[in-house]
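Chemist: Sequence lines, in order, name chains E and D.
Just so we're aligned: the first sequence equals residues 1 to 352 in my numbering.
Just so we're aligned: the second sequence equals residues 1 to 352 in my numbering.
There may be inaccurate statements among the hints.
In this list, chains with the same sequence are indistinguishable; a pair is considered to hold if it fits within one copy or across any two.
[Claimed, not checked] Pairs of lysine-lysine, DSS-like flavour, derived with a Cα cap of 25 Å: (1) Lys97 with Lys330; (2) Lys324 with Lys197; (3) Lys249 with Lys197; (4) Lys249 with Lys224; (5) Lys224 with Lys324; (6) Lys74 with Lys197; (7) Lys266 with Lys330; (8) Lys224 with Lys197; (9) Lys97 with Lys224; (10) Lys324 with Lys74; (11) Lys249 with Lys330; (12) Lys266 with Lys96; (13) Lys266 with Lys97; (14) Lys249 with Lys324; (15) Lys324 with Lys97; (16) Lys224 with Lys330.
Hints listed in this document are in silico derivations from the structure and should not be mistaken for laboratory results.
Bear in mind that the values here come from a model prediction, so they are computed numbers and not experimental data.
Chain by chain, the residues:
Protein chains: 2
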Amino acid sequence: MPTSVRIALDAMGGDHGPEVIVPGAALALSRHRDMSFIFFGDAQRVTPLVAAHPMLAAVSSIRHADIAIRMDDKPSQALRTCRRTSSMWLTIEAVKKGEADVACSAGNTGALMAMAKVCLHMMPYIDRPAIAAIWPTMRGESLVLDLGATIGADAQHLVALAIMGSAMARIVFALERPTLGLLNIGTEEAKGLEEIKTASRILREAALPNLDYRGFVEGDDIGKGTVDVVVTEGFAGNIALKTAEGTAKQIAAYLRQALGSSLWSKLGYLLAHRAFAALEAKMDPRKVNGGVFLGLDGVVIKSHGGSDPIGTARAIEIGYEMVKDELLSKIQEALAGHASTQDVPPAASLSS
Amino acid sequence: MPTSVRIALDAMGGDHGPEVIVPGAALALSRHRDMSFIFFGDAQRVTPLVAAHPMLAAVSSIRHADIAIRMDDKPSQALRTCRRTSSMWLTIEAVKKGEADVACSAGNTGALMAMAKVCLHMMPYIDRPAIAAIWPTMRGESLVLDLGATIGADAQHLVALAIMGSAMARIVFALERPTLGLLNIGTEEAKGLEEIKTASRILREAALPNLDYRGFVEGDDIGKGTVDVVVTEGFAGNIALKTAEGTAKQIAAYLRQALGSSLWSKLGYLLAHRAFAALEAKMDPRKVNGGVFLGLDGVVIKSHGGSDPIGTARAIEIGYEMVKDELLSKIQEALAGHASTQDVPPAASLSS
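This is chain E alone, in the form it adopts within the complex (with noise of 0.2 Å):
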């Protein structure tokens, strides 16, 4: 374990840039003194920011780049043209050349992932990476995954999704064995796509040692958090994040609609604004801010490209528990021992 944990930023990410991501930093470094920090970016606009946070500026170095990946570009055509030279590329890099334990971008999903796959390998058993992300729930937090990284999965790889979402709900929830469950339309056995009936299957078999496989969840078993981590293959995840987002958001304008719509109303809004606070402290998406990418032999975190300060710490912070606590160590092991009770060769065995 390294003395410091060492973040490298993609100072250019996100809706906001480094005016956003050098203050998220230092909010981070003053809960965790055990941090260091390299800046990917446009130098000019990055030092004296950095320099403006003193603390922060002991322990951090900027690196300029001339590219900066925009949140619209496409990851084929960013990965293309802006290889080797952008933030991006650069912040993932120094993981790869082992100058930092963690890289984290507020980007253009699709590109980080893109480049990811390209400058970093794939973990040993795993041929296909994954998005995880913490959801909030009615019982507090549940980890999804995945939430769009591989369209389409097999069997195998839905076993390989449920070892890594567990191996990471053991570290961001501190529990020994967490429950799991594989998303279907439906909680009968017998329903369903045929390769989440044969991973149901295949981990009622296993019994692994660090995951309690509970079966079949569906859609709203998310929301009211009945297990700690939902497995669902990429494209489906995606559309339940996504839905869920929009649900959300149209919630809220029903809400600030109706409240605003007499002086009874808005009179109630200010009786009740302790009350209005704690529900969007709960519903408040910084808290719950970076997705880990999983299956790469490296720490990639994915922040949110609208999140302030705030939400940016909350991604660095995951990126640091995740090398605190050893996430690659703890997939591995549960991947070898996993392979081990399976009898086929590691290159084959969890992916196909």
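Starting from the structure of chain E, add chain D where the hints point.
Modeler: Positioned in the frame of chain E, the structure of chain D alone reads:
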């Protein structure tokens, strides 16, 4: 068009059975006098309930059925053991026999779909059914399909869903040319599953007269109401529906908790209660009750299992509108029109 729309009702369906279904029918009738009803179920229980509504009794007949499908019966088992004898089967069969124009049940969705598929025929050009439902949005309402009738969809099935969905949207939203999007995990043309990309190309090239194709939409576009009709394969559609339901319940629970947490917020709630009533009205699932099974040669409506009489009436009324506005022939014409441009024989033209 029949002079009166004849509704076959599964009186035993749903969580509450005839005590809710019968008053729901009475309510629908009070708003649309040109309806008549056949109730299928336990005659001893249903008869006095119908008799309590003289206007309803005047246009209703009651047919005894010994068996009621339970909400937790497995569809395959229900089909095997309760075919021909259950209130649900007899309700659908009334449409097949031409005794009714609409079959409506609040029972087990899987069993209803399985029985409808066995009892009724598929429309020409279609070989697998879909469930469509009205989804409340920030802009009003949209139609979303397939919500889980069929798992997996090739490009031709997605195109068929688009044609059926836009025909239904023309009726329920009284639009000449509804806007339509394909649900995907990005709006870039290069992203997503192959079959969705192919369907997109077909829809662009076909430039159908009754459908304004707008390209890909993402999960959050459903709640935004970006398009009038959202088309998706049944697995992803069901995940989206259930996830949205879960999110709405989650936020409602947060809200109750937040507003019950102090005396001031309780007082605030009292002052704002009209605003909250307006909010609840917008979120009221009863108003959008009534999933329509599409692709079959009969109108089958699924009412929500937990519906009260208001929700039941709404589901009945959706069936009534589908018959009055000739949904089946509108779909048929649109399918035949598209097939004629595709230069393929009817049986294989829009499904494979």
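Chemist: The structure should be examined with respect to each hint, and the outcome stated for every one.
Modeler: Against the structure, the hints:
no. : hint               : result
1   : Lys97 with Lys330  : within (22 Å within a copy, 63 Å between copies)
2   : Lys324 with Lys197 : neither (35 Å within a copy, 42 Å between copies)
3   : Lys249 with Lys197 : neither (34 Å within a copy, 28 Å between copies)
4   : Lys249 with Lys224 : both (18 Å within a copy, 8 Å between copies)
5   : Lys224 with Lys324 : neither (30 Å within a copy, 40 Å between copies)
6   : Lys74 with Lys197  : between (35 Å within a copy, 16 Å between copies)
7   : Lys266 with Lys330 : neither (52 Å within a copy, 47 Å between copies)
8   : Lys224 with Lys197 : within (23 Å within a copy, 34 Å between copies)
9   : Lys97 with Lys224  : neither (42 Å within a copy, 43 Å between copies)
10  : Lys324 with Lys74  : neither (34 Å within a copy, 47 Å between copies)
11  : Lys249 with Lys330 : neither (36 Å within a copy, 35 Å between copies)
12  : Lys266 with Lys96  : neither (54 Å within a copy, 55 Å between copies)
13  : Lys266 with Lys97  : neither (56 Å within a copy, 57 Å between copies)
14  : Lys249 with Lys324 : neither (35 Å within a copy, 36 Å between copies)
15  : Lys324 with Lys97  : within (19 Å within a copy, 69 Å between copies)
16  : Lys224 with Lys330 : neither (28 Å within a copy, 41 Å between copies)
In the structure shown, a violation is registered for the earlier hints numbered 2, 3, 5, 7, 9, 10, 11, 12, 13, 14, 16, in ascending order.
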